[in-house]
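Asks: One letter stands for each residue in the lines below.
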Amino acid sequence: MKDINSNKLLKLFLYLVLFAILTPMIILLLLAFASRWPWPSLLPDTYSLRAIKEVLAPHTKVVSTLFSSIILSLSVAILSAIVGTMTARALVLYEFKGKGFIDFLGLAPNIVPGAIFAMGIHVVFIKISLADTVLGVIIVHLMYTLPYSINIMRDLTKSIGDQMEMQAYVLGASPLKAFMYITLPLLTPGIMASVSMAYITSFSQYFITLLIGGGKVKTISLLMVPFITKGDRNIGSAYALVFAISTLLVFIIIDKIIKKITISK
Amino acid sequence: MNKKIPFILIMPIVLLGVLFMYGVINGIVQGFGYIPAFNLRHITLDYYIEILNSDTFLDSLKISLQISVTSSIISVLLGTMLTAALVYTGHTEGKVIQVIKLAILIPHTIVALFSISMLSQNGLIARLFYQLGLINGQGDFPLLLYTKNNLGIILGYIWKEVPFVAYFSLALMSSINNTLGEASENLGASKLKTFFHITLPLSMPAIRKAFLIILTFSFGAYDLPFLLGATVPKALPVQSHIEYIHPDLRHRPYAMAINGLILIITWTIAGIYYLITKKKKIKGDIHERY
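Protein sequence lines correspond, in order, to chains A and B. Going by the numbering used here, 162 is the number at position 162 of the first sequence; the sequence numbering is gapless. Going by the numbering used here, 282 is the number at position 282 of the second sequence; the sequence numbering is gapless.
These are calculated hints, taken from the structure and not from any lab test.
Pulled a few chain A residues facing chain B out of the computed Cβ check, cut under 7 angstroms:
id, residue
1, Phe-13
2, Leu-14
3, Leu-18
4, Ile-21
5, Leu-42
6, Arg-89
7, Leu-105
8, Ile-116
9, Gly-120
10, Ser-204
11, Val-225
12, Ile-228
13, Arg-233
14, Ala-240
Where a beta carbon is used, it is the ideal one built from N, C-alpha and C, also for glycine.
Extracted from the complex, chain B is given alone in its bound form:
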């Protein structure tokens, strides 16, 4: 066959990919203070050092980690339960799955609207609490939006990520349950025992990957913390954007240094994931078959 064909086929991805890489690398370079257009030519680590020593950054980092770690752990637990519920009640296709897909497709901007209408002090849940006599007025309902506890954001992520985890790990868990799970039950193990000793451990590759995806996504995402977050401290991507659009253009390196740190943390998490999965792969390749 013609030897040129593969090179014609990869042309668009090379163009877009190189542009992408150039953009990311350019941003990283700016974080080291090199922006000739603004007369900044001195390559330095000062911006990184300054940011790592600033309380604003450390508070933002704490908030971002708190949001992403809390929401991802709860989501992966509930999501795994949902997967199991779907598999064991025989809802691996049909209307129920459509509803779950719907939640995955809804954008974060609309999820923010959900959070506002459900969780604010005159939202639906507050009204329900009042009707049930649990609170005496709007003021008694805890503040969940635009405050430091960030519960509105965390619940918003959970709403979106539980269905995602379930959808992502459903195929694997369902196929394991149909083969090895049933074999185990036929041999006399109880359903509960089979789930915890066979089905769940073998479904872990998909669940672990789903966890990695939601953890890194919620750590670096802008929309929900921008729409529902407190004035201070802001989540890292929001803080970075504020520095980015600062009227004094010499603030640009601060934005890029924050971005650099977000990247370092995201990649460290991904690196740890690959180290863990590599070890597991050496131990046993069984999941490869599914």
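With the rest of the complex left out, here is chain A:
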């Protein structure tokens, strides 16, 4: 009897949590389309496309910023997956001097808060003229995403091992060919997870992008925040909607491309 009760309580708790997660998202959606929402109504009186139109108007440069923002984050995501795969391979499959140090380098950004390493690196980037450049922003985002990518790729590389690649060598394949045709397809799920993770992390950054990009490198997060600081909920929500929909589309496209590659192989 007691067990049935506790299960009911857990179910209730679960529904409450889901409700708490979803409510603000629904409110955001309503805010993006609300034109009049006076106190104390729980739902908007009238709806319009004003906020969305205002955000997408040519003078806001949202469309071009969105495009460059996506390219920037995709570059970070792809580089992060490549460097993550390389580092994971070195750490899992090879013995070499300084392995412990490489292990530490890969995880170091995890133990330094983003705002703090951004300020330290900003000073260095000014010296080597990487401040206020897209490349500088990509490098800093990359430092932030790499620990996750290395972690994901490391677990996967460990579980795959190099036995199958070895068989390909024995049968006469070159190391590169063996990697491309044997290991890479097996690594695809990890690469996919790493790309999505790094993409959303990079796309979400506000402070790091602002500091290193010096306001010259614009992203959607950077365009959105002034409206949040001003407390303009309608425009802010419209930006958030653009943010969410574009991220979803990018994820769907990545998923399609990866599926195509793996099936054609």
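Start from chain A and add chain B according to the hints.
Replies: Leaving out everything else, chain B in the frame of chain A:
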């Protein structure tokens, strides 16, 4: 196999890692007042001493600790409950998990927007209270945003971190429940007893790690306190950034000294965590198997 291969593979991480380390160390050195470019060459602890004696810093430290400790403790408690709820109601995959993942993916800037639309004096919760007759007008609803109680920030973190804790510890708790948990129930222990004596203690490694991650993250994070915090006192990273962009460049060492102190506190917390887990590991290695 070719001996050069590992060194080619680690080249990019070495480049990026060294650049990262150089940036962090350079910042720490600047905190000791050594910035030749601004004609500051005298290495000193004065900036640290001055900051440790300033009320602005101590108030900021209090605020930052209050935000991170409160939000992390509540998040880890509710998050563990959520994990248990997911495991015992059989929702370890599927749509429910997708919703939980969604909350983890949403950036803090948008969480700030959620806080504003839900918690402000004319936000949704205030409207609901008014409709229920609990308050008589907007002014009766307590101020939760841009004020010293920082409740808007704390609730924002809880919104994001409860799903994180659940997602992070779900795999471990679910596997323990499926093996040892069921064994215990088969042997006649009640569900409640099994949870508190078997499943929860064995899930602690993941829960403890999740707690460490959210505690150190919320202590050093900039976005939420910047967007929802009071004018004074500001959270430490926000205060540090203000010193950093001060028009008088000789203020730079103050920013870096604050950053140094944030690092010391973060690393102390992480150090305590490793000491605790090391002790636990000697006591019993059972969790290693899962």
